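J.: Below are the chains, spelled out letter by letter.
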Amino acid sequence: MNRGRLSIGRVAWIAENTFREAVRQRLLLMLVITAAALGGSALVFHHRSFGAPEPEFLLDAGFGILTFFGSILAIVTTVQLFFSEIERRTVLTVLAKPVWRSEFILGKLGGVLLLLLAFCASGIVSLASLLWWRQAALAATDSGTFENGCRISYAAVIAGGMVQWLRLGVLAAITLSVASYARTSLFALVSGFFALVICNLQNLACQSYRLADLPWIRGAARLVGGILPDFEIYNMVDRVKAGGPLSAGYLGGITLYSLVYISVFGGLAIYCFRHREL
Amino acid sequence: MNAIELAGITKDFRSGAGAARIRALDGISLGIEAGEVTALLGPNGSGKSTLLKIILGLLAPTAGDCRVFGVPSGCVEARRAVGYLPETPDFYPHLTGFETVRFYARMGGLTRAGLPERVWAAIAKVGLVAEAHRRIGSYSQGMRQRIGLAQALVTDPWLLILDEPTSGIDPAGAAEIGALICRLKAEGRTVLLSSHQLEQVEEVCDRAVMLDHGRQVAAGRIDELARRAGGIMLGIESLPENAWGELRAWLEARGGRLHDTRMNRTGLRRVFLETVQRGRSGEICPP
Amino acid sequence: MNSSAKFAGVAFAALWAAGAVVQPLRERVDRLNEDRRPSSLSGGPAQVTGAGVSAAMLGGLRALVADGLWLKTYQAWAACDLPATERLIRLVTTVDDRPVCFWLNGARIMAYDMSEWRRAAHARGGGSADGERRIVEEQAETALGYLADAHRCHPESAAVCVETANIQLYRRRDLLAAAEWYQRAAGLPDAPYCAARIHGELLRRLGREREAYLWLCRLHPHLPANDPEAMAEVVLQRIRGLEEALSIPEGDKYKPISGSAENRNRWR
Numbered sequence: 000m001n002r003g004r005l006s007i008g009r010v011a012w013i014a015e016n017t018f019r020e021a022v023r024q025r026l027l028l029m030l031v032i033t034a035a036a037l038g039g040s041a042l043v044f045h046h047r048s049f050g051a052p053e054p055e056f057l058l059d060a061g062f063g064i065l066t067f068f069g070s071i072l073a074i075v076t077t078v079q080l081f082f083s084e085i086e087r088r089t090v091l092t093v094l095a096k097p098v099w100r101s102e103f104i105l106g107k108l109g110g111v112l113l114l115l116l117a118f119c120a121s122g123i124v125s126l127a128s129l130l131w132w133r134q135a136a137l138a139a140t141d142s143g144t145f146e147n148g149c150r151i152s153y154a155a156v157i158a159g160g161m162v163q164w165l166r167l168g169v170l171a172a173i174t175l176s177v178a179s180y181a182r183t184s185l186f187a188l189v190s191g192f193f194a195l196v197i198c199n200l201q202n203l204a205c206q207s208y209r210l211a212d213l214p215w216i217r218g219a220a221r222l223v224g225g226i227l228p229d230f231e232i233y234n235m236v237d238r239v240k241a242g243g244p245l246s247a248g249y250l251g252g253i254t255l256y257s258l259v260y261i262s263v264f265g266g267l268a269i270y271c272f273r274h275r276e277l
Numbered sequence: 000m001n002a003i004e005l006a007g008i009t010k011d012f013r014s015g016a017g018a019a020r021i022r023a024l025d026g027i028s029l030g031i032e033a034g035e036v037t038a039l040l041g042p043n044g045s046g047k048s049t050l051l052k053i054i055l056g057l058l059a060p061t062a063g064d065c066r067v068f069g070v071p072s073g074c075v076e077a078r079r080a081v082g083y084l085p086e087t088p089d090f091y092p093h094l095t096g097f098e099t100v101r102f103y104a105r106m107g108g109l110t111r112a113g114l115p116e117r118v119w120a121a122i123a124k125v126g127l128v129a130e131a132h133r134r135i136g137s138y139s140q141g142m143r144q145r146i147g148l149a150q151a152l153v154t155d156p157w158l159l160i161l162d163e164p165t166s167g168i169d170p171a172g173a174a175e176i177g178a179l180i181c182r183l184k185a186e187g188r189t190v191l192l193s194s195h196q197l198e199q200v201e202e203v204c205d206r207a208v209m210l211d212h213g214r215q216v217a218a219g220r221i222d223e224l225a226r227r228a229g230g231i232m233l234g235i236e237s238l239p240e241n242a243w244g245e246l247r248a249w250l251e252a253r254g255g256r257l258h259d260t261r262m263n264r265t266g267l268r269r270v271f272l273e274t275v276q277r278g279r280s281g282e283i284c285p286p
Numbered sequence: 000m001n002s003s004a005k006f007a008g009v010a011f012a013a014l015w016a017a018g019a020v021v022q023p024l025r026e027r028v029d030r031l032n033e034d035r036r037p038s039s040l041s042g043g044p045a046q047v048t049g050a051g052v053s054a055a056m057l058g059g060l061r062a063l064v065a066d067g068l069w070l071k072t073y074q075a076w077a078a079c080d081l082p083a084t085e086r087l088i089r090l091v092t093t094v095d096d097r098p099v100c101f102w103l104n105g106a107r108i109m110a111y112d113m114s115e116w117r118r119a120a121h122a123r124g125g126g127s128a129d130g131e132r133r134i135v136e137e138q139a140e141t142a143l144g145y146l147a148d149a150h151r152c153h154p155e156s157a158a159v160c161v162e163t164a165n166i167q168l169y170r171r172r173d174l175l176a177a178a179e180w181y182q183r184a185a186g187l188p189d190a191p192y193c194a195a196r197i198h199g200e201l202l203r204r205l206g207r208e209r210e211a212y213l214w215l216c217r218l219h220p221h222l223p224a225n226d227p228e229a230m231a232e233v234v235l236q237r238i239r240g241l242e243e244a245l246s247i248p249e250g251d252k253y254k255p256i257s258g259s260a261e262n263r264n265r266w267r
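Chains as they are written, first to last, in numbering that gives the first Met the number 0: chain A, 0 to 277; chain B, 0 to 286; chain C, 0 to 267.
Source of the hints: derived by calculation from the structure; they are not laboratory data. These numbers come from a predicted model, not from an experiment. Don't be surprised by glycine CBs; every beta carbon is placed ideally from N, CA and C. Just so you know, nobody snuck in bad clues.
What the simulated footprint calls covered on chain A by chain B, stretch by stretch (three residues with Cβ under 8 Å from a Cβ of chain B suffice, anywhere in the stretch; the number is not a length):
hint	region
1	14-22
2	82-91
The calculated lysine to aspartate or glutamate pairs, modelled on EDC-like cross-linking and capped at a C-alpha distance of 20 Å, are:
hint	chain 1	residue 1	chain 2	residue 2
3	C	K254	C	E232
4	C	K71	A	E53
5	C	K5	A	E276
6	B	K124	B	E163
7	C	K5	B	D11
8	B	K184	B	D205
9	B	K184	B	D222
10	B	K124	B	E175
11	B	K184	B	E201
Generate the whole structure from the sequences, applying the supplied hints.
T.: Following this line, the structure appears as structure tokens:
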């Protein structure tokens, strides 16, 4: 038995249980929808014979679908997995054991991150397979443009998938921090989607309003820019489309950036949950 | 030695920002003796579940001090020797009964060595071995209650806190749980349970604490409490109907009073249990 | 202080501290990924509230939406539906102004295809030759206006300058404007070899032969002899022709030095 310290083993067990529960609930359905959408888009491109730009279209579609479904998955699953514990009262039986509340929250976050990793990995494998199929077909008819039968770097596609996973991880951490404070799942869901919109918009809004004449608008812009993560920096599909690899500096920087925000929002979730009356 | 020490426990709730405070518990002070079975009694909304949650460290008291085996109840250490069964428990529907108990065993700090044996032993105690590989989602409420007891028992705790342990369970199951509690008591474990089934409480509990509107209104040994109520209940069997008048006259002549005459529910319960028992053993074929 | 205010305070302080810590990191990542930003942002709030906001509203999906709209543009183009095609072309670059190919293809459709559609309709109605010339002029103006937006979004794009020059040359027949745009393209990184060559040729056609001669002499050493696209041989022939026309003395004539791909950009 361990002595009152945070146990990685217990966190891992809660994470595994959360992942298994999520897989039973929604993930398979989401994956089927995503795969169907990807397959459908590939067939559209195939029949329309767009020629050389087709891989770029596939990339846009693939990453767009990954981001869209992934964001829904990150918000909805996080809220559902958290509130199902409250409503079912399994949280009481778990916390009646010698389990820290921080272990519970870290386990939940770990389970959701695992789920999002599985989602992104399967999406990227599907996308890479489609790209391989279409690039091979196009190379047969246009060998000049598709040198060596390949124009898009698969390494860049995989790295792009990892970047999207980090973005979804930050979104899940934000949602969990709201859920740990919220009294109703509806409030947490709505807040999660608000956070998604604000994080996508904040960079643009800040740039715009920093040029405003009124000082309080400039102050508000600085405030929003200072406290929320910027999701614009995760948009890297153009770099992937250009065929070049994503630089190690960019990947390292964005990983660190995401880890800081996941830690901060995870910490806030723990703080709120420790003070929550169950 | 007291397993649980409560000193001036008060708990206030607010239903929302700016809303009036509601006092759920008001200055509860008591000690629960180790090795005894204690019942927490009271009507709905009297504060029983809130008190149990405070003992488990799931809720922080607004005022007062709560210790479990001498350790403040908010500490993780205090829960190391505690098993808890919530009221009408529900578990992860994707797990089987065995996986559920194993999960809680890991949460309780049990290591891999000998884990399956401990899990099977707990499941066997509640009589669910045959159904242990079915998913919880397909369990009846009574089976969930039993698996809840198994998860509470799996870490071999010295203190068991049971919130309505027989709720949703048929009389046969309730009797089995009663017998299990008696066995735990015989092993020297402390049990604190809340229940509305006074009859069962009388059978298995040593002491009772009564709450009403968050206040402790009575506490003591069961027989003492019954004596304080000012009467002893007699169970009479096989008395001819025409003798009732004579019995009443005899009692009144000695300053007593025949307070109530009802059909013996214990007897009905016993008939029911015996019938079920015979049905299970094949003496009675269902129609 | 009630608990909600306390939570809000803690959350705000933690996020503010985190924001301050990651700010340098964010700027670094931003610099490394600067391609992703809608370039209309550089124009300040006025532009931001137009195209930029709609683009950002779509978050990571704007590339996908733009692709979908481009497919619709093709459909309208195949149906020769001028108003729908033009509207969709503009919508595509409003949603996602980053891919240069959208701007170039849109400008070509406006300048060449749309003028042909209008000319065909004009001819069916028994229109005059003057009317046809006016249509070509109008469509060229529309395309040039569209490319001016493209140039604001992609000021370093040689392809946008070359396309502008092409339209000035082939649709408006404005040699001077075309020459200026080819020169501007030639000064940008990754400009095609033809931009500088055509600039020299247009100077010659404008009667500025000495200027053309000096320009081509400066260009030729940087053209790789082994790259057929560079057309070093053709440029040398043109230099010789200009030497004759300008009666350059034998001793002052250009002495070719073979160029290479490495020094391609050094002449600018």
